[in-house]
Amino acid sequence: MSVGKEKPQMATDEHRLGEGVGGTTRFLARGDLEKLVAELLGAGTRVVAPVDAGKGETEYRRLASFAEAKLGAALPRRSLKEFFLPPTEELFRWRREGEALQLLETPAAHVATVILGAFPCDAAAVQALDKVMGWDYRDDPWFGRREATTIVALACNGQDGSCFCTAVGLRPDAVRGADLLLAANGEGYEVQVLTPKGRALVDGHAARFGAGRDTGSANVIRAAARERVAKNLQATPEKIRGWLQANFEHPMWKGIALRCHGCGACAAVCPTCHCFDIVDEPEGLYEGARRRNWDTCQTPVFTLHASGHNPRPDQNARIRQRLNHKFRIYPERFGELLCTGCGRCARACPGGMDLPELLGALEKLAASAPAPAPAPGPAAGALIPPPGGAR
Amino acid sequence: MRDLQDLAAKLLTEKTVGLVIGWEAGPRGARPSFVTDPKDAGKLISDNRCVHNLAAYLSPRRPHLRGFGRIAVAVKGCDVRAVAGLLRETQLRREDVVLIGIRCGGVHDTPTGVGPLTADNLADRCVGCEVRDPARCDHVLGELPPSLPSRGGRRAARIAELEALDHAARFAFWREELSRCVRCNACRQVCPLCVCERCLADKTDPPWIESSPHPRANLAWHATRALHLAGRCVDCGECERACPAGIPLNLIGRKVAAVVERRFGYRTTDDPQVPAPIGAWKPEDGQEFIR
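Sequences listed follow chains A and B, in order.
Using this note's numbering, the first residue of the first sequence is number 1191, and each one after it goes up by one.
Using this note's numbering, the first residue of the second sequence is number 342, and each one after it goes up by one.
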C-alpha cells in the first residue's frame, strides 16, 4: 500500500477542490472544536451532528452541547436530507370565512445552522439535489435552508462492506457539498476551507483555527479509507448508464425484486431520494394546510392512475425505476448520479436487497453486452427541457 | 441445511412447486432467497440468522410472486402462525403452498448476527418459545437444537416499566418515539398480516389518516395499525426490524396482544381453525363497552 505517494495525486483531484474556493488548509485542535461548538451555540446557531441513537447507531440531531456529538462513529441512520427537505413541511394554510377564502403564507424562518461531522456522502448528496431543486423552478424552502446552513464534513474511515462511494465517483474524503472538510490526523483535524461560507465560519472564529500544519498522517488515514471502500465495489457508472438506456425490457428485470417488500425504507434513509407528495389536510371545517411529505416510488400508489391502471404494476417495475432514476435519468438530466454510495439502502432493507450487489451485476451485464454509448445530454424527444434550457 | 437443499431441489425437479422461498447468505448476513432452478438449491441455508418471517411473501399483496405456480416456503415454528393467519382469513389456500418446517433453536435479533446465541443477541420473541418444533407443515427438517438461552424477558420488563408510568409520561414516551416516524410504511409492507389490498392509510378521498408525518397523524396511523393487528399480530418482529427510524413497534404489538389475551382468552396460534377474536364471538367475551 503506497499511501505515502498519494498526496500530489490528491491535490489535482477535482473532488478535493469541490466547486468553491479551493484548498486552504488550517488546523483545528480537539479542544478548539469543543470551544467552537460552544461559541456557535452561544450565538444561537443551531448545531447538528451525529449523536448516539442506541444499539451502536447514530442519528443527526440538534446538539444541546458538544458532549452529545459522536463524531467519526457510525454513519447516521438517516441522511442529512431531512434538514433541507423535512419529512413533512407546511407550504401554506387556508381559512374560509363565509364566501371569502384566505391563503396564509407560512413564514419561512430558516435558522442559521452548522452541520458538524457530516459524512462526505451526505454532503455530496445535498449538492446533487441542488440541481433538481433549482432547475425549472427554484425551491425556496430548500434553498432557504441551504443558504442558512454551513456543512462541516469529516473525512470518513469507511463503514463496512456496504459502502461504495468510490464506485460512484466519490471518496470517503470527498469534499463535494461541504463548506469545510475536517480530516482527523491523530492530534486534531486538518481543515480544508472549500467555500466562502466555510471561509466565513473560519474567519468568524479565527482564534479556534491554527495555521495548517500538514503532518501527512491525515493523508495516510484518508488513503487507507479510500482503499478500504474501493475493495467493496468496482463499477463504471457510465457503462451502467448505457446498459440501462438500452435494456429497459431486459428479462433480468422480471426477477430483480423478488425479495423486495416494497417498504420504501431504502428511500427513507437515502440521502438523494427526494420525491415528495403534496397533500391538503383540513383542520376543522374552515381551515387547513397544504403540506409536502416524503414519498417513494416503491409503493403502488405512487404511480396509481385515477383509472385504476398502474404503469408500474409490481415491485420488479419499481426497482427498475429506482435504478434507472439514480443511474440513468438523473445523470441524463443533470449530469450527475443520484447516488453517493452511502450503502444505507442495503443496510436498511429488511428483505436483503443490496444496491452494491445490483450495481456489480449491472456492471457485469454492461461488460458482457456492450451497449451503445449513452447519448449526450437529455434523451431525444424528452418532454422536459434540460436545466438552463429554453422554457 | 443439506436436507433443506435436497428437499428444495426435489420439489423443484418433480415440479411439485415452481418456487422455493428460503434463506441464503447474502452480502449482509442471511436474507430471503428465491429458488426456481433445482441447481440453485445449494445456496439455501437454515441457521440462527434466519430471522425473516418468509410468510410475508405469501401475502396476496405481492403480485410479482404470482405466476410461479405452487410455492414452497421455509418456516420456523413461529412463522407458521403467520401462515395460519393468512389461511384463517382466506388470504391463502393451503393447497397452494408447501410448508417446509425448520426446527429452531432461536434466532439472532438481526440477520447479521454472528456466532452462538446469548441472552444479549437473542431475538425477543424467542424467549419462552413454545413452537421450536413446527406444527402443521408438509415437511419438518432438522434436529431439535438444544434449549434456548433463557433470560428474564427484557421486553416484558420494558412494557411493565411503561405501564408503571402515569398517562402523561407514557404519552410523552410515545410522542417522542413516534416523532421519528416518516411514514415510509415499511412496518406495514413487511407485515405478513397487513394484507389489505388498499390500506386505509392510502385512501385519499376521504383521507381517513393524514399522510403527513406530523405527531397527530403518526399517532393515528400507529394506533390504527395496532388495533387492526389486535389478535392477528404473530410477534415476528418484522415491523420493528424494518423500521428505518428505530421505533420500538414491538412494544405496541405485545401490549395489545396481552390485552387481547386477557379480555378474549386468545393467543395467536398456528391452528387456522381457531378463530381470532376479530372474527368470532363467545358468550363469555367481555361486553362492557356496548352496555
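These are computed hints drawn from the structure, not numbers from a lab.
This structure is a prediction, so every number in the text was calculated from the model and none was measured.
Check before you lean on any hint, since a few could be wrong.
[To be verified] Simulated coverage check for chain A against chain B, where a stretch passes if three residues somewhere in it have a Cβ under 8 Å from a Cβ of chain B:
| no. | region |
| --- | --- |
| 1 | 1359-1372 |
| 2 | 1442-1453 |
| 3 | 1457-1467 |
| 4 | 1477-1488 |
| 5 | 1502-1516 |
| 6 | 1534-1547 |
[Stated by the list, open to error] Taking lysine-lysine pairs in the DSS-like style, the calculated list, with each CA pair at most 25 Å apart, reads:
| no. | chain 1 | residue 1 | chain 2 | residue 2 |
| --- | --- | --- | --- | --- |
| 7 | B | K380 | A | K1554 |
| 8 | B | K596 | B | K623 |
| 9 | A | K1245 | B | K380 |
Ideal Cβ placement from N, Cα and C applies to all residues, glycine included.
We went through each hint and held it up to the structure:
no., hint, result
1, 1359-1372, "violated (count 0)"
2, 1442-1453, "holds (count 7)"
3, 1457-1467, "holds (count 4)"
4, 1477-1488, "holds (count 4)"
5, 1502-1516, "holds (count 4)"
6, 1534-1547, "holds (count 9)"
7, B:K380 <-> A:K1554, "holds (22 Å)"
8, B:K596 <-> B:K623, "holds (22 Å)"
9, A:K1245 <-> B:K380, "violated (39 Å)"
This entry does not satisfy hints 1 and 9, going by the numbered hints stated previously.
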